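Q: Given next are the chains, with one letter for each unit.
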Amino acid sequence: MITLGVDIGSLTGKAVIFRDHEILAWDIILTGPDSMETGKTVTENVLNKAGLKLEDMEFIVSTGYGRIVIPFAHKNISEISCHAKGAHYFFPTARTILDMGGQDCKAIRCDENGKVTDFVMNDKCAAGAGRSMGIMADFLNVPLEQMGELSLQAAGDGVPISSMCVVFARSEVISYLREGVSKSEVLAGACEALASRVRGLLTRVGIQNDFIISGGIAKNPGVVKRLEQKLNTAANICFEPQIVGALGAAIFGKELAEKRNKKRSETQ
Amino acid sequence: MILAGLDVGALWTKAVILKDGAVAVYSVARTGDMAEEAAEQCLNGVLASAGISRSDVAAVAVTGVGKKLIPFADKQVSEIVSAAKGIQYLYPDMEGVIDLGGESTRVVKFEAGGGIVDYAQNDKCAAGTGMFLDAMSKVMGIKVEDMGALSLQSTAEVNITSMCVAFAESEVVSQVHRQTPKKDIVRGIHKSIASRVYGMVNSVGLSEKNMVIGGLALNVGIIACLEELMKIKLAVPENPRIISAIGAAFAASQQGE
Numbered sequence: 000m001i002t003l004g005v006d007i008g009s010l011t012g013k014a015v016i017f018r019d020h021e022i023l024a025w026d027i028i029l030t031g032p033d034s035m036e037t038g039k040t041v042t043e044n045v046l047n048k049a050g051l052k053l054e055d056m057e058f059i060v061s062t063g064y065g066r067i068v069i070p071f072a073h074k075n076i077s078e079i080s081c082h083a084k085g086a087h088y089f090f091p092t093a094r095t096i097l098d099m100g101g102q103d104c105k106a107i108r109c110d111e112n113g114k115v116t117d118f119v120m121n122d123k124c125a126a127g128a129g130r131s132m133g134i135m136a137d138f139l140n141v142p143l144e145q146m147g148e149l150s151l152q153a154a155g156d157g158v159p160i161s162s163m164c165v166v167f168a169r170s171e172v173i174s175y176l177r178e179g180v181s182k183s184e185v186l187a188g189a190c191e192a193l194a195s196r197v198r199g200l201l202t203r204v205g206i207q208n209d210f211i212i213s214g215g216i217a218k219n220p221g222v223v224k225r226l227e228q229k230l231n232t233a234a235n236i237c238f239e240p241q242i243v244g245a246l247g248a249a250i251f252g253k254e255l256a257e258k259r260n261k262k263r264s265e266t267q
Numbered sequence: 000m001i002l003a004g005l006d007v008g009a010l011w012t013k014a015v016i017l018k019d020g021a022v023a024v025y026s027v028a029r030t031g032d033m034a035e036e037a038a039e040q041c042l043n044g045v046l047a048s049a050g051i052s053r054s055d056v057a058a059v060a061v062t063g064v065g066k067k068l069i070p071f072a073d074k075q076v077s078e079i080v081s082a083a084k085g086i087q088y089l090y091p092d093m094e095g096v097i098d099l100g101g102e103s104t105r106v107v108k109f110e111a112g113g114g115i116v117d118y119a120q121n122d123k124c125a126a127g128t129g130m131f132l133d134a135m136s137k138v139m140g141i142k143v144e145d146m147g148a149l150s151l152q153s154t155a156e157v158n159i160t161s162m163c164v165a166f167a168e169s170e171v172v173s174q175v176h177r178q179t180p181k182k183d184i185v186r187g188i189h190k191s192i193a194s195r196v197y198g199m200v201n202s203v204g205l206s207e208k209n210m211v212i213g214g215l216a217l218n219v220g221i222i223a224c225l226e227e228l229m230k231i232k233l234a235v236p237e238n239p240r241i242i243s244a245i246g247a248a249f250a251a252s253q254q255g256e
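Chains as they are written, first to last, in numbering that gives the first Met the number 0: chain W, 0 to 267; chain S, 0 to 256.
So that you can see chain S by itself, here it is in the shape it has in the complex:
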């Protein structure tokens, strides 16, 4: 059976094809404000590179904040479920997932290969999300993808005390004016994000068998700060951004059985 999974996130849309129980191909595109077109393009892209025609796809499952904007999808899957299912599909012995997305952060605890036990989610406030990192990267003039490695060189503690993105921006600007080394400021920014995520991890009570997914999982600085707080090593899957799209397709296949 061939299934397509789409994850229409606030910033990025991800598409995957699951073919006979394996991830065939995936692609990632900016969501923009034409979510349906971005999803359509993304889906056509994966189909073309897999050499599969749309009619061979048994079901298109969609997840992510933009899922309601995709009328051509056959199934909608909640972001909580898709994050959990994606990890369960690839790593059957895991018991939890930390999903660090563009506009939302969620922590899901589940039984290995089983149902969801508990979750926490932040989608009201940009603190601790990818938007926070994006905003800080702009005021500092450093590319988001360069921030992780830079922060690992930090030698001095800098704390960003404001929780709010708008206030943290001014705080970061004044740190830059004070000529605080950028590597230390960036680490301060990562610590701020990690501490928000850690609050959610604590409220859910994750075991040691969990993984970090979402775009921010690619940032080694955030992972390092989170590891420091959680006092464990954290595992990140190979392509952390597409896990929820895989999970959506997997959820659809289970429902179809």
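The shape of chain W in the complex, shown without the other chains:
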């Protein structure tokens, strides 16, 4: 059985091909202005990698912010459910999942089967989402993927960023830079601020081990390490934290296809 999961986020599109119990291929691209095009492109890419055709996919599930515009999907499922499902695949002992993408942040609790039991989400304010890191990276002219490492070079917590709003924080950072504060200290302050905001969200849902981080933020050690310290627990991160949602969608596809096939054989 081969299934496909497509996750269209605000900043990136992800696709995973799942065969039996393994990940056959995956791909990540930047989301363009057209979510449908992004879905098509990332699907073509992943099919090429696996050397398969769309017709070979027994079931296709879409998820994420742009999930409703994927015309070839058989079903769309919320990214909350997909992240829990995907996290459970990588870490069967997962009970609390933090998924932070560009435009939102979700704290999810799940049971031993990877089924969602509770969640809280912030999608209103960039200060608690990955976008805040993107804005700071752009502003400081530091590649996004390096900012975490760079922030860890600062001594201590860095400079405090007291503004909650990203837009106001940017003005605060300008004054720090004029005072001669180093980029690493500013980045440390920004990672610290984000980690604090995320801790608040996780506390609301309640943290139970094992703790998993998925989404782009898992690739930022500056935020991950600070969050681990605050929560006093280690975070589990899979080899490619951005594909967890797409993987969950593909696994849902497999379950749905099995159910459908069972029904078909019963009626025959």
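In case anyone wonders, no lab produced these hints; they're calculated from the structure. Computed from a predicted structure; not experimentally measured. Treat the hints loosely; a few may be bogus.
What the hints assert, rightly or not - Okay, derived cross-link-like pairs now, PhoX-like style, lysine-lysine, Cα gap no bigger than 25 Å in a straight line:
id	chain 1	residue 1	chain 2	residue 2
1	S	LYS123	W	LYS229
2	W	LYS253	W	LYS74
3	W	LYS48	W	LYS74
4	W	LYS52	W	LYS258
5	W	LYS262	W	LYS74
6	W	LYS218	W	LYS253
7	W	LYS123	S	LYS123
8	W	LYS123	S	LYS137
9	S	LYS181	S	LYS137
Starting from the known structure of chain W, fit chain S onto it as the hints suggest.
A: Using the frame of chain W, we list chain S on its own:
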């Protein structure tokens, strides 16, 4: 008695001279990140154009987010009080003020010529503030001062659903990509600001006797959207940006009595 009022805002610093109960002169300058220097320059500017020497000034009162950065001021006045006092000084029968500033928005309700009854303030989030408008003007490549008139020509409804400036920026960019007419997008931006302000107006419960001040009061598009929501006509004073500076000086004069 001659009094000086300074309003050190997030984006602009305003200075006024109150002389024998009348507003003598005023000036406006960018605050930048040297608030004290901007305030000093602004104050010297008004003194020079009024032909008054610093020693003739009985007191310098300061308000605005940067008020603590001005060591030479004799009195600090809260932004809530200065907005209310400024309106009371010029328009004694008013009962409320909506202050639309660069980094903060506030709504103050007071008794005509009397004390403050209630207020609401947003200074944590850029949504609904001048910074929101500035950010949108940049992504659209339209000058802030041109946005008001342009939005009045709008013929179709566009809604900017994101509250956050960072998210609204991407929303506006995708509207531009979709070739939505700019006048309609700009009106959508104004509606977003007005709806945030309206939330505060409702929480305070303003009467019909109120005025709009601050830099955004100069934007006719925002005023129109706010009027639509509040279902009343809104009055804007002649120089809406300097009202709080006047209010600071007026508050200082009352305290001195």
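Q: Indicate, hint by hint, whether the structure satisfies it.
A: Hint by hint, here is what the structure shows:
Between LYS123 of chain S and LYS229 of chain W, the direct Cα distance comes to roughly 24 Å. Compliance with the 25 Å bound is thereby established for this hinted pair. Taken as a hint, the LYS253 of chain W and LYS74 of chain W pair is honoured in the structure, with Cα atoms around 12 Å apart against an allowance of 25 Å. A C-alpha spacing of about 23 Å is found between LYS48 of chain W and LYS74 of chain W, which places the hinted pair at or below 25 Å, so the restraint holds. For a cut-off of 25 Å, the pair hint linking LYS52 of chain W to LYS258 of chain W stands: about 23 Å separates their Cα positions.
The suggested pairing of LYS262 of chain W with LYS74 of chain W holds, with an alpha-carbon distance near 17 Å, which does not exceed 25 Å. Restraint check: the Cα-Cα separation between LYS218 of chain W and LYS253 of chain W comes to about 28 Å, which exceeds 25 Å; the hinted pair is violated. Pair hint LYS123 of chain W plus LYS123 of chain S holds up; C-alpha atoms about 14 Å apart against a cutoff of 25 Å. Restraint check for LYS123 of chain W and LYS137 of chain S: satisfied, since their Cα atoms lie roughly 22 Å apart, inside the 25 Å limit.
Our distance criterion of 25 Å between C-alpha atoms is met by LYS181 of chain S and LYS137 of chain S, whose separation comes to about 13 Å.
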